[in-house]
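These are the residues of each chain, in order.
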Amino acid sequence: MSGSIPASPTVEAVGLGAVAPRATAPLSPTREAWRRFRKHRLAVVSLVVLGVMVLAILSGKLVWRVPIDAIDFSAMLEGSSWAHLAGTDDLGRDLLARLIYGGKISLAVGVAAMFVAVCVGVVIGAVSGMASGRIDAVLMWVTDMFLSLPQLPLLLLVIYLFRPSLKALLGVQGGMFVLIVVVIGGLRWMPLARLVRAQFLSLREKEFVEAARALGASRLRLVVRHIMPNALGPVIVAGTIEVANAIIAESTLSFLGLGFPPDVPSWGRMLFDAKDNLDVAPHWALFPGLAIFLAVLSINFIGDGLRDALDPRRVI
Amino acid sequence: MSRAYIIRRLLLAIPSLLAISVILFTVLALAPGDPFGELATNPNVPPAVQAALRAKFGLDDPIWLRYVHWLVEMLHGDWGFSFASRIDVETLIMQRLPVTIAVLGSAQILAILVALPVGVLSATRPYSLFDQVANTLAFVGFSLPTFFTGLLLILLFSIQLHWLPFVFRTNLSSTGLTWVWEEIRQSIMPVLVLGLFQGASLVRYVRSAMLDVIRLDYVTTARSKGIGARHVLIRHVVRNGLIPVVTLVAVQLPIVFGGAIITEQIFRVPGIGSLLIDAILANDTPVVMGVTFVFACLVVLFNLIADLLYVWLDPRIAYR
Chain R
1 MSGSIPASPT
11 VEAVGLGAVA
21 PRATAPLSPT
31 REAWRRFRKH
41 RLAVVSLVVL
51 GVMVLAILSG
61 KLVWRVPIDA
71 IDFSAMLEGS
81 SWAHLAGTDD
91 LGRDLLARLI
101 YGGKISLAVG
111 VAAMFVAVCV
121 GVVIGAVSGM
131 ASGRIDAVLM
141 WVTDMFLSLP
151 QLPLLLLVIY
161 LFRPSLKALL
171 GVQGGMFVLI
181 VVVIGGLRWM
191 PLARLVRAQF
201 LSLREKEFVE
211 AARALGASRL
221 RLVVRHIMPN
231 ALGPVIVAGT
241 IEVANAIIAE
251 STLSFLGLGF
261 PPDVPSWGRM
271 LFDAKDNLDV
281 APHWALFPGL
291 AIFLAVLSIN
301 FIGDGLRDAL
311 DPRRVI
Chain D
317 MSRAYIIRRL
327 LLAIPSLLAI
337 SVILFTVLAL
347 APGDPFGELA
357 TNPNVPPAVQ
367 AALRAKFGLD
377 DPIWLRYVHW
387 LVEMLHGDWG
397 FSFASRIDVE
407 TLIMQRLPVT
417 IAVLGSAQIL
427 AILVALPVGV
437 LSATRPYSLF
447 DQVANTLAFV
457 GFSLPTFFTG
467 LLLILLFSIQ
477 LHWLPFVFRT
487 NLSSTGLTWV
497 WEEIRQSIMP
507 VLVLGLFQGA
517 SLVRYVRSAM
527 LDVIRLDYVT
537 TARSKGIGAR
547 HVLIRHVVRN
557 GLIPVVTLVA
567 VQLPIVFGGA
577 IITEQIFRVP
587 GIGSLLIDAI
597 LANDTPVVMG
607 VTFVFACLVV
617 LFNLIADLLY
627 VWLDPRIAYR
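Chains as they are written, first to last, in my numbering: chain R, 1 to 316; chain D, 317 to 636.
Source of the hints: derived by calculation from the structure; they are not laboratory data.
All figures in this text were calculated on a predicted structure; none of them were measured in a lab.
The beta carbon of each residue, even a glycine, is placed where N, CA and C say it ideally should be.
Heads up, some of the hints might be wrong.
[To be verified] Label-pair restraints from in silico Cβ distances: (1) Arg441/D with Ala217/R: 40 to 50 Å; (2) Thr407/D with Val138/R: 31 to 41 Å; (3) Pro164/R with Thr563/D: 38 to 48 Å.
Next comes chain R alone, as it looks inside the complex:
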């Protein structure tokens, strides 16, 4: 009984006797990971759903040629029809076109913010894990302090305060994009830093690292060639889930009216505009809300599948 609970229903026990002798040649690590990922059925379904969404967002403009800002007062707040598949908003603008446009923003913000968070987190975690001693203590104190910052208030504050100056510098949309990405990424690197540090602390004591060190590998080479590749699995998993979190964060900002300007229809912004017309035009809020939900849910499930594939020992 004890110790017999696998980390996930699709992961084989990695204990003694569990490894069956294989008749065929061993698979490459990537193929092996893909084999394990495939067993997580919901993750595979999510991969398909997300793939379809991304495809629709990228190519939607070619098929659905309605402009996002064509105002039509004869078709205000209408439900689904052949002319407007997802209905229209209070100015008669086509919601499907706006959904496609908003999807591009949400996904781009999500991926870019994830990169910022991963870069900062990996650098801080790696330095902290390799340096140990005083540098480690200071970096971890900074990490803990960032963790106890009230995130959403700070996010709102920074965005609101620095919006005008960045707008002037990079244009309305570009400035907003850079600001949102940097701020979301800059407030979400802490869990990653802790994760990377923990990985480094255990990996750097392993025999293969010691062997490389004995062979005269430099510290940088140790990190880049030996420790980092082995620490990457959990980072990829955390990074995937970070995309979902960043999408929610961006939508939250836009929903509170502090994200992208009104003429840029991100999903959160559409919800913000729709919330005062819930009684007459529920479809206006339902479509962008469902889009956020589907994107976030499928990314979360993919993250869970990746955990089975890349980091099978971890439970949660």
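Position chain D relative to chain R; hints supplied.
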């Protein structure tokens, strides 16, 4: 637990709070927004009056001096004066704080009431049908952003069914039992939205914490001594498994505050979350600083409580 540990831990919280306040203050001070921007463009205010006002509020001093000034005043209980509402910041915050704490507290209780039994049951039968359904629902729960669930609930219960009011009111005219009933009715939706979101993310932590304990040898020992399954679960597994969950509840608090700001905005609950948004939009710097600092203090406070609870619950943890 030794008293020395408590004192040490309390002292350690002070530099964190100071650092947080420095960060918040610097962000606010570096920002281009100016609470007297409107004054400068108003032709009716002579430049001499403007300068006097700026000097009175110390707006032209260097940042560090303003910070020290703010800190000293704050420690004396003077949090500044709201430019927009024309009352003291601490009075304003004190007016709004109880509502937020009530809603947040009930939501947390709901979250724990949902997450504990579900997580424990899932852990006792891992990968059973119940576990898989619970796991999938948990994924759905924390993938649904609170602002969307809020709108969905309003759509269903207020607009379609007309069961619940969708605007939170503090000036209810009724008294006695009707007042209690009205309060409950208007709090159901905000509490539900926040509590279910929190509960969904907590379920998986509870489950994995229980799984860590359930496979330990002492649980097998207890079982083989012939103690009933129920008794083993409650007295031996849950008691020990809950220890890491205590920390998790505290660590998740910053996210809970984020959720509170959103729900307060959707349901128009007059708490400090909506106060913050109003203050940000009105460029009301002292209020913004005060509210964010209150949030930060609450986070640090709950981390402290969690740390102390952790040592108290688990004597194996050495307190240095």
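To see whether the hints hold, each was checked on the structure:
1. Arg441/D with Ala217/R: 40 to 50 Å: holds, 48 Å
2. Thr407/D with Val138/R: 31 to 41 Å: 39 Å Cβ-Cβ, so the 31 to 41 Å window holds.
3. Pro164/R with Thr563/D: 38 to 48 Å: At roughly 40 Å between Cβ atoms, Thr563/D and Pro164/R fall inside 38 to 48 Å, so the hint holds.
The structure shown violates none of the earlier numbered hints.
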